[in-house]
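Spelled out, the chains give:
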Amino acid sequence: MPRNQHTTTTRPGTGKFLLLALLLIGALWGCETPNNPYPAKLDDRNIRFTSFSERPKHLDPASAYVANEMDIIAQIYEPPLQYHYLKRPYQLTTLTAEAVPQPVALDQNLNPLPASTPVENIAYSRYRITIKPGIRFQPHPAFARDETGAYRYHQLTAQTLEEIRNLDDFGASDSRELTAADYVHQIKRLAHPGIHSPLYGFMREFIVGLGDLGDTLRASPETPTLGELPGMTLSGVKIIDRYTYEITIHGSYPQFVYWLAMPFFAPVPVEADMFYSQPGLKEKNITLDWHPIGTGPYLLAVNDPNRRMLLKRNPEFRSEPYPDQGEPGDRASGLLEDAGKPMPFVDEVLFTLEKESIPIWNKFLQGYYDISGISSDSFDQVIDFGPAGDITLSQEIRDKGIRLQSTIAPSTVYIGFNMLDPVVGGDNQRARLLRHAIGIVIDQEESIAIFRNGRGIVMQGPLPPGLFGYRDGEAGLNPYLYDWVDGKPRRKSVEEAGHLMSEAGYPEGIDPATGEPLLLYFDTSASGPQAKAYLDWLRKQLRKIGVQLVIRSTDFNRFQDKVRKGKAQMFQWGWNADYPDPENFLFLFYGPNSRALHGGENTNNYQNPEFDALFEQMRNMPNGLQRQALIDQMVGYLQRDLPWASGFHPKDLVLYHGWNYNTKTHSMANNTVKYQRIDPELRLTQRRAWNQPKWWPVVLILGALLASIIPAFLAYRRRQSSPAL
Amino acid sequence: MTRYFIRRLLYAVPILIGVNLITFTLFFVVNTPDDMARMHLGQKYLTEEAIADWKKAHGYHLPLLYAPTEKGSARFSQTIFAQHSLQLFRLDFGRADDGRDISQDIRQRMGPSLAIALPSLLVGLLTNITIALMVAFFRGTYIDYWSVFAAVVLMSISGLFYIIGGQWLFSKLLHLTPISGFDGGLNAFKFLLVPVLVGVISGLGSGVRWYRTLFLEEIGRDYVRTARAKGISEARVMFRHVLRNAMIPILTGVVVVIPVLFMGSLLTESFFAIPGLGSYTIDAINSQDFAIVRAMVFLGSLLYILGLILTDLSYTLVDPRVRLR
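The listed protein sequences correspond, in order, to chains A and B.
Using this note's numbering, count along the first sequence one by one with no gaps and you end on 725.
Using this note's numbering, count along the second sequence one by one with no gaps and you end on 325.
In case anyone wonders, no lab produced these hints; they're calculated from the structure.
Do not take every clue at face value.
Claimed, not checked - Below are the SDA-like pairs computed for lysine to any residue, each with C-alpha atoms no more than 25 Å apart in a straight line: (1) A/Lys-87 <-> A/Pro-321; (2) A/Lys-87 <-> A/Asp-652; (3) A/Lys-284 <-> B/Asp-98; (4) A/Lys-41 <-> B/Leu-174.
What the hints assert, rightly or not - Partner residues are not named here, just some residues of chain A that face chain B (Cβ under 10 Å, in silico): (5) Leu-199; (6) Gly-201; (7) Arg-308; (8) Pro-321; (9) Ile-710; (10) Pro-711.
What you are looking at is a predicted structure, and each value in this text was computed from that prediction instead of being measured.
Note that beta-carbon positions come from the ideal geometry of N, C-alpha and C, so glycine has one too.
Make a model of the complete structure from these sequences and hints.
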């Protein structure tokens with residue numbers, strides 16, 4: 001066969017190859033916006049697009065506690081209470097309950113006491129919760145029954161199991177009405193050793209009988225299954241009737257009601273545990289931990305934590321109206337336009353796995369995510385600072401119709417002292433003066449400006465703004481670190497810090513015991529270039545008073561271990577509020593909560609009997625002038641004793657595209673998706689306008705490549721045709 | 001040859017036990033079972049009882065390697081090592097600490113990893129060899145010098161730059177491909193185009209230089225001179241003689257990595273949000289999920305050993321003088 005004929009013959013597979021190539025090209029560039037990461041069929045659907053960076057470990061409401069888990073299960077499960085979406089300061093309202101329960105004080109014999117009974121005389125408190133009738137669980141195979149009325153899938157055979165790959169393979173599903181028993185079952189689940197609920201250790205101290213139930217379960221030679229829990233006794237939790245149940249707790253703990261707004265107290269039907277505990281399902285990843293059964297506005301339709309999670313509207317969801325009240329200004333900003341309309345507004349929520357911040361940000365700018373935070377990398381592109389230091393959006397971002405909302409998070413990040421340490425800790429004047437001097441020279445304002453792009457406010461006390469007890473302005477000033485000058489706080493001078501050092505017996509920062517600069521140790525698990533820059537900065541701060549700060553970098557586990565054992569001298573730590581009550585911050589200084597001595601949350605191991613006495617009074621009081629006075633005293637102790645050298649309350653900045661409505665940042669509630677509305681048509685129009693493909697650079701690059709090959713080809717031809725010698 | 005393979009497979013057993021033991025030791029030197037429990041359960045309101053429950057439920061309440069209170073073989077079998085690591089030899093990877101079946105995760109994530117790694121390898125190989133042959137053909141000319149210079153420049157640039165640059169150019173500037181994500185079927189093409197292109201370009205510099213060196217070494221040999229003397233065209237010399245004789249070192253580098261392609265690429269998968277095995281391993285290390293870490297290290301070792309055996313086999317295919325005994 002002549003050579004050239006061979007090369008031009010079409011091989012049998014060539015046609016298929018060309019077809020495949022055309023299909024691929026068609027798949028890529030057949031649509032109007034080829035950089036669209038979603039299938040075109042989703043373009044005009046009423047879907048909220050968002051992302052998740054870490055796959056959730058648990059979707060069981062008894063186990064889930066971290067933010068990425070809450071983002072999902074809070075849309076599915078419904079505890080009896082929730083936070084009001086619009087009102088500030090944050091306040092509780094009903095979700096499935098008829099009313100927010102009020103505690104009834106009881107004596108040792110469980111007899112009611114008058115409301116005026118002193119706290120120390122209250123032996124128990126009882127909460128009676130009545131839920132609304134007619135609430136139904138989402139459709140699920142666990143509820144399906146056969147013709148005889150027996151559960152269809154509660155006795156799975158090996159043959160049936162073979163045909164099951166995922167939950168959709170169960171052909172039938174059903175629903176049923178929510179009852180008080182479902183709430184009681186979930187509270188019992190908190191004690192089960194197979195659940196590993198993070199709240200069990202804490203709640204067993206409060207809920208009467210929870211510890212006994214846990215001990216019984218653990219003591220059994222063969223631990224009873226979750227499906228057997230309804231037959232076990234939990235003395236402090238009782239079903240009163242189909243829709244009513246009671247929880248009895250030890251003593252008085254007014255903050256208990258906030259826990260009733262968290263998924264830990266959401267209902268779980270016993271059918272779920274009976275269904276999921278069957279052998280063979282766990283091996284197929286069919287567990288309650290991965291396939292929730294709730295009564296909320298959404299159900300988890302797709303659970304692929306390696307790629308995406310999809311929430312869909314729960315067809316059994318009752319009609320819940322959008323709130324008709326808010327705080328002043330909400331009506332003007334359009335947040336009450338949907339008042340009274342049935343929720344949820346969005347049909348589906350698609351969570352896509354994203355590991356890096358850069359793609360998330362760029363997709364947001366392209367309109368493929370509806371909401372975004374602002375990473376440090378993109379901060380300068382987004383934010384302009386006004387002459388007064390106020391934050392505004394840059395022109396480029398405003399032109400896209402993007403809106404900014406900023407809130408101070410109910411959190412505190414601080415540099416703490418270990419109060420058990422012989423040098424920086426203790427209730428003595430020398431150590432106190434040293435702590436004050438250090439508190440003065442750590443220029444937190446500078447730190448926020450450098451390392452957080454101004455996203456935070458300097459801490460004056462442990463309470464963040466927005467919580468009852470927080471004092472703004474001069475009233476909240478820490479007088480040991482700041483002066484009030486010209487209507488604003490001014491950090492005391494380094495010279496004053498130097499005087500304090502001299503008073504403390506460290507003139508010029510020299511430790512008289514060694515004749516050398518005082519050595520202090522800062523333990524951290526932070527690593528990477530940004531952490532190094534921060535730690536260098538921190539060293540520089542203490543150098544202002546002659547103190548040499550030694551950074552003891554270690555891994556996360558060792559760091560935690562040191563703090564747990566009280567072996568760290570100085571360290572950085574943080575706290576996010578579980579609920580919007582000052583008790584949830586001030587308990588971080590309560591002596592019996594000392595981390596090293598009692599394993600509690602008081603990581604500084606601060607101990608002050610006067611503070612403890614005030615705390616015990618304050619935590620049982622309703623908000624009011626009397627409580628504020630106690631909080632002021634407690635904060636005063638903390639400002640004087642300074643177990644936290646310095647810190648800040650983070651400022652959360654959230655960006656919303658113009659097609660988002662009813663968006664109001666809520667730092668306490670997680671079940672906020674149902675309130676939000678989007679305009680899919682506007683989104684589609686904007687996406688198309690922002691993502692028109694540009695072809696000419698590709699043609700240019702291909703042309704340049706071709707142009708570079710031609711000389712080589714010509715040189716090859718020349719060389720081939722040239723004589724050998 | 002069969003005896004050779006059986007022998008090599010038997011050698012693999014102590015190697016895998018050793019790898020397992022080293023992984024186990026290194027992991028538990030850094031993380032105690034208590035640390036793992038704390039990481040899993042969170043830091044808030046955590047009690048010793050909760051930690052004990054978690055360890056018992058996951059089998060981490062046992063001694064690490066030796067149980068002195070047990071009798072007979074139970075001293076070794078009633079340990080974390082025996083209970084958790086030896087099952088790997090049955091390719092039973094067990095369950096992750098969050099309860100998910102690891103084998104199912106691996107099966108699910110292997111596809112996306114291969115979807116990037118295999119085209120990157122094949123297209124990269126083809127491109128590198130083609131360019132290297134061209135550069136070798138023009139050896140000693142400006143094309144050669146500038147190509148080597150370009151290769152060194154390409155080698156000097158961080159892989160991250162190519163990734164971010166690729167995303168910026170194709171998605172952000174030209175709006176031609178999604179910036180990140182993954183989908184199945186034909187839709188995967190638009191998600192894989194840039195990651196594969198980035199994989200090819202980031203390996204171009206080192207690949208071209210390496211293959212050029214191989215080809216130049218072969219070009220200087222007697223058989224090439226003889227071929228030329230016979231009047232064979234330069235293209236035929238390069239493709240039929242030089243390339244074929246340079247195949248052994250090429251195969252050494254390529255075949256050994258083929259099985260390891262399953263393990264995925266951390267950086268690429270992370271930035272392009274490809275749900276592959278590279279990000280799976282790193283996530284497991286970060287969350288101190290020993291079950292996944294040991295499974296992935298074991299699988300990686302197994303695949304690497306398989307790669308080495310395949311490399312030996314490939315020698316016999318490209319060089320008839322090689323015999324495996």
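Against the structure, the hints:
Restraint check for A/Lys-87 and A/Pro-321: satisfied, since their Cα atoms lie roughly 16 Å apart, inside the 25 Å limit. Among the hinted pairs, A/Lys-87 with A/Asp-652 is consistent with the structure: their alpha-carbon atoms are about 18 Å apart, no more than 25 Å. Among the hinted pairs, A/Lys-284 with B/Asp-98 is consistent with the structure: their alpha-carbon atoms are about 14 Å apart, no more than 25 Å. Of the supplied pair hints, the one linking A/Lys-41 and B/Leu-174 holds, its CA atoms being roughly 23 Å apart against a limit of 25 Å.
Restraint check, A/Leu-199 versus chain B: the minimum CB separation of about 6 Å is within 10 Å; hint holds. The criterion of a C-beta within 10 Å of any C-beta in chain B is met by A/Gly-201, whose closest approach is roughly 3 Å, and the hint holds. The beta carbon of A/Arg-308 is positioned within 10 Å of a beta carbon in chain B (closest approach about 9 Å), and the interface hint is therefore held. A distance limit of 10 Å between C-beta atoms decides the matter here; for A/Pro-321 the minimum to chain B is near 34 Å, and the interface restraint is violated.
With a least beta-carbon distance of about 12 Å to chain B, the hint placing A/Ile-710 at the interface is violated under the 10 Å criterion. With a least beta-carbon distance of about 8 Å to chain B, the hint placing A/Pro-711 at the interface is held under the 10 Å criterion.
Checked against the numbered hints given earlier, the structure breaks hints 8 and 9 and satisfies all the rest.
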